[in-house]
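Visitor: Sequence:
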Amino acid sequence: MKHHLSQLLSQTIQTLKSQGILPDEQHIELNIERTRDRKHGDFASNLAMVLCKVARSKPRDLAEKLVAALPDSEQVSKVEIAGPGFINFFLSPAATGTG
1 MKHHLSQLLS QTIQTLKSQG ILPDEQHIEL NIERTRDRKH GDFASNLAMV
51 LCKVARSKPR DLAEKLVAAL PDSEQVSKVE IAGPGFINFF LSPAATGTG
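So for the sequence shown, the working numbering puts the first residue at 1; every next one is plus one.
If you are wondering where the hints come from, they were derived from the structure by calculation, not from laboratory data. Only a predicted model underlies this, so the values are computations on that prediction, with no experimental measurement involved. Accuracy of the hints is not assured; some may be wrong.
Stated by the list, open to error - In silico DSSO-like pairs for lysine-lysine, Cα to Cα no more than 30 Å straight-line:
| id | residue 1 | residue 2 |
| --- | --- | --- |
| 1 | K39 | K58 |
| 2 | K53 | K2 |
| 3 | K17 | K78 |
| 4 | K2 | K39 |
| 5 | K65 | K39 |
Stated by the list, open to error - Ranges of calculated distance between the beta carbons of each label pair, as one might list FRET restraints:
| id | residue 1 | residue 2 | range |
| --- | --- | --- | --- |
| 6 | K58 | I28 | 32 to 42 Å |
| 7 | S18 | D72 | 14 to 24 Å |
| 8 | D61 | L30 | 11 to 21 Å |
| 9 | D37 | Q75 | 17 to 27 Å |
| 10 | T96 | H27 | 23 to 33 Å |
| 11 | E29 | K78 | 17 to 27 Å |
| 12 | N31 | K58 | 14 to 24 Å |
| 13 | E25 | G97 | 33 to 43 Å |
Where a beta carbon is used, it is the ideal one built from N, C-alpha and C, also for glycine.
Construct the complete structure from the given sequences, taking the supplied hints into account.
Guide: Right under this line is the structure:
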């Protein structure tokens, strides 16, 4: 699942690069981890906080742009922004095997 979420975020980064929000030459290391508390989703990324300086944007504002550009996925039921700019992914029942 981490690989799938990484692919979604990579596509999102390419979209933001094409829109001029992120610099084209920037190498981006994706960090996706399981959340400690399931109330915050199944996985989380701090991507907006990592990229905020190069994007010259506040982390939360960049997180909103990232979430808006995120491709749809049947394996993700919802995405939320938490705190200063964490992106929390909630998996669909089909992805977790409960549906």
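Visitor: Could you check the structure against the hints above and give me the numbers of any it violates, in ascending order?
Guide: Structure breaks hint 6 only.
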